[in-house]
Amino acid sequence: MATKSLLTVIDGSLMEGGGQILRNSVSCACICRIPIRVKKIRGGRTKPGLQRQHLMGIRLAEQISCGRLEGAELLSQEIVLNPESIIGGDFYSDVKSAGSVMLLLQIALPCLLYASKISSVILKGGTNASFAPQVDHTHLVLCPISKIFGINFDITIKKRGFFPKGGGEVKVDIEPVKKLNCVSLQEMGEVLEITGVSFVAGRCPPKVLHTMTDAAEALLTKSLPGVKLTINRQQHPHAMDTASGLVLCAVTSTGCYIGGSSLGSPSELPEGTGEKAALELLDSLEHKACVDKWTQDQLILLMALAEGKSVVRCGPITLHTETAVYIAEKMLGAKFEIKPVDPAKPDCKKYPCFIVCEGIGKLNPNFI
Amino acid sequence: MEHRHKPGPLKQQNKPHKLGKHQTKAGLSKRGRPIRIPSTSSLRTDVTLGRKERRNRANQIRKSKREQIIFEKRARGLSGTPPHSLLLVPMTRHINLTEIRTLLQPASTDSTATTFYCPRIKQRFTLCSAPYGELYTLLDLAKVCDSILFLFSVEDSISEWAEEVISVLMAQGLPTPLHAVTGLQSVPSKDRAQTRSAVSSVVTHLLPIDSKLFSLDTETEAFNLLRSVSEQKRRSLGYRDNHPYILCEESVYDSNSLTLSLSGYLRGKPLSPNQIVHLPGIGDFQISLIETQSDPCPFRGSRHGGMEIDTNKVRLIPDQTLQESLITEAEVDPMEGEQTWPSKEELKSSLKKNPSSWIADPTPGEDSTESESDGERPEQISGSDSEDHLSIGSERESDSAITETVSMDTNDYDKTCDPREEKEQLERIRAQGEDVKFPDERDTPIDQAARIRFGKYRGLQSFRTSPWDPDENLPVDYARIFKFHNFRSTQKRALQHDYKDGDVTGLYVTIHLKDFPSKLVSLLPSTSMVIFGLLQFEQKMSLIHFTVKRVSPCNEIVKSKDPMLLHMGCRRFLANPIYSQHAPGDKHKYELFFRGGGTYVASIYAPITFKPCPILMFTPTSPTTPTPQLLATGSVLMAGPDRIICKRIKLSGHPFKIHRRSAVIRYMFFNREDIMWFKPIQLRTKYGRVGNIKEPLGTHGHMKCTFDKQLKAQDTILMSLYKRVYPKWTYCPYLYQPTSDVTQGELTMETDRET
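These protein sequence lines are chains Z and W, in that order. Counting from 1, one number per residue, gives the positions in the first sequence under the UniProt record's numbering. Counting from 1, one number per residue, gives the positions in the second sequence under the UniProt record's numbering.
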């Protein structure tokens, strides 16, 4: 009974109501060694309960934190996690479906920053899946941004995996940190160059690849004349499933990395897919945001853990970010403030804003 | 270098497989068909769960349900939740309600709904009572109360009233019942157990569920009763749970601003000032303001400070853009049905138009002529009416002739009965008997051509499967009503509709109603007032269909289009329902008589009401039947004008000459032209033969027909004809509250006109 009263209870159906609140709260719990109970997991979704990728994610967290996990079954709506210390080492997790490995990494990465040694995680599943950041996005955008926090991690894509079978493999090497540095990304600056990756896989013909990439390039050259554009076109004809996609990343003079991505679908023309990624990127640039909307929420946890005051200028606040802020404030005790860039436009959900965070300066107790 | 086997020239060559019609995917792609990339929707992504996972899931579901129930139970009666409401219902005439109120609530004041705090149970209760014989008060209060206490007395015997109360409440939805007997103290102690068990058996007979009997004579007993009220499991009533409702404790009318202010605890679903509220028996009103008041009976528990909420008053003001309007009917555009061919732009825009907006009858001008030429009516209504008037006249004459010879005594007796009504009744009984014996059969008129007389009817190959366009030739009334594209999804949306306001559920609030006409103030009930918040669209008129079933003791003959007093959810109104069969399929057979023994579907023009909603059908009050009598009960089926109700008639003929494959039939028609007109329609016989008209013979209506087998001489040949029927627009809100003692009457008013 005594331990039960110490449990932090998180209602998983709040706000975004999906897997993100679960991931963030599990990461926070592992880092701070707080036993938690997450109830009503994915309560906001039509099919509530743990899906394979969430299940593998929390099992991975259990392994990383040497903890004890209860109630982790498929479609389970309540789990209890008692984390112990994070040691680090080699980990392996296989989703066995197209569940995104990047979402697994979202749980594992913050935890392993507080390990005692360099860790390496092999993740199997979907690398480029819908409703999740694509592996290239993490590679191109999140990796360099993390460097500002003092994080060193490296992603090696061994094999890509797509919907529905998955089967991709990614190896991530993560170096532990003593503590995280605060960041200040307030000025977007000028776009220096745009890099990107586009791919087709399986039975998707190469024509799709070129049409898609050309459409994106045309749009970008028109909007940003004179910016160097390098998009790596990849073909994976032997992949198990059929897919196509495009990830773009703009590097600015102030060291910001802003992404834009899209996945092809059978109901959409390749031109549309290409333009979607480009428009997403241009939209962020128009807001003069220093991070795109997919990176926003991933930085919240890092900002909360860092020492000192972080300020990040971003576009309109997403629901995922709000959820991440809620969890970081509740579980870590960090102080967040979201203020509009233009005081005349106070609605942060529609207009650009600054995320200001007073981090807790979490020290790595295991760091040698 | 790895070795590979290569086939030589002697390799056996097998015949290639013949695909026939079925191509392989590879074959298809070779022929240049595009590759179908698997879409997400076509793939099954859900996984089958193992035993461990199923068990874990079942455990978790059970646990969460348990937690929910425990949470609700613990929160009940505390601050932030409304008090327990308890309705006292005397089941016998001589029960002193004031005495019982004083017992339950030591500091009792008046007879209105009052809330008090019971420090020993640490819970709050609201008491209200429905005096003996006041059916409407009882029905209204039972709609909103959590628990109902039936009071029995050892002195009185059980009357018909008690049985009526139970049957009516069971149909409307019974709140959690409790039973108590009073006056047991006055019985000598040795007889007490016996008396108690006698009352108990009566209770069990009346209401077999939850029939524990409390005695209610001392304060201790009253306390025990209150405690079981607070602890018992609440029955949930579907209609109530879907609506916000208030049991009013205070009402103030300001005649200058025409504002009626009603106060009480807000229960059920959250109420928004944009919603419309309904006062049962009075009408629909818009809200001008909802404000929270300081709790008149604050919760005095130490753990839950109720004072915090009281300090900051909440005022909710309706948003003009979001507020629901009191407009109940769609605007009729008489030019809508103009029969000139629309231009291309008009055609395009009409295709894009929301399907819920209604198009009027394509030929509204014709409607009036149509009703005149409607061959059905002369026989059905005016025919019998004129006969009625004639017979009444003669009856009265003969009546007066007789009175001279008979004594005063019989003269007095005659005053008690109405010969005109009796005659009508007899005719109805005969008509119903006829309808049972020969369902839907009609005689073909001799003096009129059948093709004119039954001109509006059509034949169907099969009633079940033949198509019938639901939008064809609609009456003008259909232009006034609203239609949903999909009733179920609209209902779901209306139930989940969020008006985006502060939630004041469970608090003591005052609701100010806009534009309350001073005329209606006298109609406000003095003791018990109930307000219901209406869901989105629930003020709009549509065609409502509801299932009904006759209650057993009522033997009245009910025809379609007879006026009925209906209690539908919180509304009371008069309407003339038409009845049809409750059966699957797109067309439903009209029923002339609403008989006992089965479930029928009744259709009326009425405000939209979502499911679940109980319906009580009463006979309307008249001088001879002063109290409304419960006739049938049921529930709402759906709202929408697409239900096709078809009236069927059967024309009958007899065989004149029978051959092996054909027969000569007579008496079905009486002239050659009629036979030619109805020739395409199939014939059926009572013995199951199927056939067709081949040709007319002569000029007197004999016809040669072929059948699948030889006819029997005693067979009857029938031809079914169908016509779509619609209810009449007779919706009239019923405002009067009958009481047991005051003389009865009807008072109906159109509230819409005044507001």
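Derived from the structure by calculation, the hints contain no laboratory data. If you're wondering where the values come from, they're calculated on a predicted model, not measured in any experiment. Backbone N, C-alpha and C fix where the C-beta goes; we use that ideal spot for every residue, glycine too. Please note that the accuracy of each hint is not assured.
Here's a subset of chain W near chain Z, in silico, CB distances under 10 Å, partners left out [claimed, not checked]:
hint: 1; residue: R54
hint: 2; residue: N56
hint: 3; residue: N59
hint: 4; residue: Q60
hint: 5; residue: I61
hint: 6; residue: S64
hint: 7; residue: R453
hint: 8; residue: R643
hint: 9; residue: K647
hint: 10; residue: K723
hint: 11; residue: V725
Listed next, the in silico DSSO-like pairs over lysine-lysine satisfying Cα-Cα at most 30 Å (straight line) [stated by the list, open to error]:
hint: 12; chain 1: W; residue 1: K269; chain 2: Z; residue 2: K39
hint: 13; chain 1: W; residue 1: K233; chain 2: Z; residue 2: K330
hint: 14; chain 1: W; residue 1: K712; chain 2: Z; residue 2: K40
hint: 15; chain 1: Z; residue 1: K165; chain 2: W; residue 2: K52
hint: 16; chain 1: Z; residue 1: K39; chain 2: W; residue 2: K11
hint: 17; chain 1: W; residue 1: K73; chain 2: Z; residue 2: K47
hint: 18; chain 1: Z; residue 1: K228; chain 2: Z; residue 2: K47
Status of each hint after checking the structure:
1. R54: holds, 9 Å
2. N56: Hint on N56(W): holds, closest Cβ of chain Z at ~4 Å, below 10 Å.
3. N59: Hint on N59(W): holds, closest Cβ of chain Z at ~9 Å, below 10 Å.
4. Q60: With Cβ-Cβ at 5 Å, under 10 Å, it holds.
5. I61: holds, 8 Å
6. S64: holds, 7 Å
7. R453: This hint is violated: R453(W) lies away from chain Z, its Cβ roughly 58 Å from the closest one there, beyond 10 Å.
8. R643: With a minimum Cβ separation of about 32 Å from chain Z (threshold 10 Å), the hint on R643(W) is violated.
9. K647: violated, 45 Å
10. K723: Since chain Z brings no Cβ nearer than about 46 Å to K723(W), farther than 10 Å, the hint is violated.
11. V725: Because about 43 Å separates V725(W) from the closest Cβ in chain Z, which is outside the 10 Å limit, the hint is violated.
12. K269(W) with K39(Z): holds, 25 Å
13. K233(W) with K330(Z): Between K233(W) and K330(Z) the Cα gap is close to 37 Å, so the pair fails against 30 Å, i.e. violated.
14. K712(W) with K40(Z): With Cα atoms ~72 Å apart, K712(W) and K40(Z) exceed 30 Å; violated.
15. K165(Z) with K52(W): At roughly 24 Å apart (the allowed maximum being 30 Å), K52(W) and K165(Z) satisfy the hint.
16. K39(Z) with K11(W): With a Cα-Cα distance of about 67 Å, the restraint between K39(Z) and K11(W) is violated, given a limit of 30 Å.
17. K73(W) with K47(Z): holds, 28 Å
18. K228(Z) with K47(Z): violated, 44 Å
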